[in-house]
Amino acid sequence: MTYVAEIDEDACAAHGDCEAIAPEIFRLDDVAIVVGEGPDELMLEAARACPSVAISLTDRDSGEQIYP
Amino acid sequence: MRSGVLIAGGGLAAQRCAETLRRSGYEGAVTMVCGEPHLPYDRPPLSKEVLHDTHAERRLAFRPEDWYGERQVELLLGVEARGLDATARKLALSDGSSVAYEHLLIATGGRPRPLPAFERFANVSMLRTLEDARALRAVLTPGCRLLIIGAGFIGQEVAAAACKAGASPTIVEAAAAPLAGLLGAELGAWFAELHRSSGVELLLEEQVERVHGSERVASVTLRGGRRIDCDHVLVGVGIEPNVAWLRGSALQEAGVRTDVDGRSAVPGVYAAGDVAALFDPLLGRHVLGSHWETAGRQGARAAKAMLGLDPGPGAVSSFWSDLYGTRVQYLGHAPLADAVSFDGDPGSRDFTATFTSAGRVVAVLLAGRPQLLPQARALLATNNERTHP
Numbered sequence: 001m002t003y004v005a006e007i008d009e010d011a012c013a014a015h016g017d018c019e020a021i022a023p024e025i026f027r028l029d030d031v032a033i034v035v036g037e038g039p040d041e042l043m044l045e046a047a048r049a050c051p052s053v054a055i056s057l058t059d060r061d062s063g064e065q066i067y068p
Numbered sequence: 001m002r003s004g005v006l007i008a009g010g011g012l013a014a015q016r017c018a019e020t021l022r023r024s025g026y027e028g029a030v031t032m033v034c035g036e037p038h039l040p041y042d043r044p045p046l047s048k049e050v051l052h053d054t055h056a057e058r059r060l061a062f063r064p065e066d067w068y069g070e071r072q073v074e075l076l077l078g079v080e081a082r083g084l085d086a087t088a089r090k091l092a093l094s095d096g097s098s099v100a101y102e103h104l105l106i107a108t109g110g111r112p113r114p115l116p117a118f119e120r121f122a123n124v125s126m127l128r129t130l131e132d133a134r135a136l137r138a139v140l141t142p143g144c145r146l147l148i149i150g151a152g153f154i155g156q157e158v159a160a161a162a163c164k165a166g167a168s169p170t171i172v173e174a175a176a177a178p179l180a181g182l183l184g185a186e187l188g189a190w191f192a193e194l195h196r197s198s199g200v201e202l203l204l205e206e207q208v209e210r211v212h213g214s215e216r217v218a219s220v221t222l223r224g225g226r227r228i229d230c231d232h233v234l235v236g237v238g239i240e241p242n243v244a245w246l247r248g249s250a251l252q253e254a255g256v257r258t259d260v261d262g263r264s265a266v267p268g269v270y271a272a273g274d275v276a277a278l279f280d281p282l283l284g285r286h287v288l289g290s291h292w293e294t295a296g297r298q299g300a301r302a303a304k305a306m307l308g309l310d311p312g313p314g315a316v317s318s319f320w321s322d323l324y325g326t327r328v329q330y331l332g333h334a335p336l337a338d339a340v341s342f343d344g345d346p347g348s349r350d351f352t353a354t355f356t357s358a359g360r361v362v363a364v365l366l367a368g369r370p371q372l373l374p375q376a377r378a379l380l381a382t383n384n385e386r387t388h389p
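Chains as they are written, first to last, in the working numbering: chain A, 1 to 68; chain B, 1 to 389.
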């Protein structure tokens, strides 16, 4: 669990795919918000599923941007 | 009854309007008049997973029922708007009641355009509501020969879903390629190949000349002479705005014309989503209807306009689709373009098509490259700023 998720609120259109895939990490308020942590693979799956590409992932150890 | 904000409609634009009102601190009464008997729900899955997965419909509701109670958003389910008295600021409803409002959002959506030749038959579907999707899912069994009229978004997505359900779809389309009017011949051909390589029969520049059958369509003859047998027909030839109930009011009947923020010509009346024709400053004209993301943003903008808040810059027109495992995303206005260039192989499922007008980027289509969307969005936003400071 080294990825950190961030939501671009302007880009988020509240599709809700992230919450459907990883409800323990993402929750749909008026836009999606990060509510917890979870396996890196699950975060990546949720980020990739976002039709608005509003989720970015950064590796907390290396600082490297993982997605998009 | 009286509501500070009255929302006629229960779709995406209506939902986003209610959410934005509460999020912005609006404390007046908010009422949503939802024509369907369901909690407000999301439609895109109806032409996708709902057609081949019976569990998918559980995830359709935008919000659980509690959400509306907690935020004091009153839902009138199964009730439709029937008439507008703009002078008295009252909306008549199908249950015989009427509601007074300070602000009204017209978000009554659209309905599929019927084809007269198919209207009297039992095995013909159109797709807009959850009930429509359930009925179509019930017939999409392995081996079902599904004839799809129209290769627009509905036709294409139903074809892909029908394949997943084991059915055999045939699409008949009048144009030379799917979406050719929007995206041009080259990309239209790409969409055509996407379907054909997945086993869908796609008949282009064809139209139905005759329909055979008594109570059910048994087959059709195309203008080119070919006869196609079918078990079921889906008509997907676009939608019409739900404006019949506005007859007699001052609002235009071919969609409710509004400014960029959703304000109509009638004081206190706004419109958003498929029923609205918003003014597009980039095109210099009103544009009827919108895709998912735009409809949602229109509902949110109308809420801000009602409250006198800055609605921010208008959303760029966009859509996305998942076809046979390939995500397709589009932003902008391709018909404005005089040239299109490709990064990556346009014969593959991994490329970017950039549409330009006099060298300026006016639209971008991404195939299998979702990670490039933020970049494309930024590129278009920069271009729009340059044109419309």
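Hint data in this document are derived by calculation from the structure and do not stem from the laboratory. Watch out, some of these pointers could steer you wrong.
What the hints assert, rightly or not - With beta-carbon atoms standing in for the labels, derived distance ranges:
#1 A:E6 x B:E215: 54 to 62 angstroms
#2 A:D29 x B:E215: 47 to 55 angstroms
#3 B:P267 x A:G63: 38 to 46 angstroms
#4 A:E9 x B:G248: 35 to 43 angstroms
#5 B:R223 x A:E9: 48 to 56 angstroms
#6 B:A339 x A:E45: 32 to 40 angstroms
#7 A:E9 x B:G284: 28 to 36 angstroms
#8 B:G78 x A:E45: 51 to 59 angstroms
#9 A:D59 x B:R71: 31 to 39 angstroms
#10 B:G284 x A:T2: 28 to 36 angstroms
#11 A:E41 x B:M1: 49 to 57 angstroms
#12 A:E6 x B:H212: 55 to 63 angstroms
#13 A:E9 x B:R210: 18 to 26 angstroms
From the three backbone atoms N, C-alpha and C, an ideal C-beta is built for every residue, glycine too.
Do the hints match the structure? See the list:
| no. | hint | in the structure |
| --- | --- | --- |
| 1 | A:E6 x B:E215: 54 to 62 angstroms | 57 angstroms, holds |
| 2 | A:D29 x B:E215: 47 to 55 angstroms | 50 angstroms, holds |
| 3 | B:P267 x A:G63: 38 to 46 angstroms | 54 angstroms, violated |
| 4 | A:E9 x B:G248: 35 to 43 angstroms | 42 angstroms, holds |
| 5 | B:R223 x A:E9: 48 to 56 angstroms | 51 angstroms, holds |
| 6 | B:A339 x A:E45: 32 to 40 angstroms | 37 angstroms, holds |
| 7 | A:E9 x B:G284: 28 to 36 angstroms | 30 angstroms, holds |
| 8 | B:G78 x A:E45: 51 to 59 angstroms | 37 angstroms, violated |
| 9 | A:D59 x B:R71: 31 to 39 angstroms | 38 angstroms, holds |
| 10 | B:G284 x A:T2: 28 to 36 angstroms | 50 angstroms, violated |
| 11 | A:E41 x B:M1: 49 to 57 angstroms | 51 angstroms, holds |
| 12 | A:E6 x B:H212: 55 to 63 angstroms | 58 angstroms, holds |
| 13 | A:E9 x B:R210: 18 to 26 angstroms | 54 angstroms, violated |
The structure fails to meet hints 3, 8, 10, 13 from the earlier list, while all remaining hints are met.
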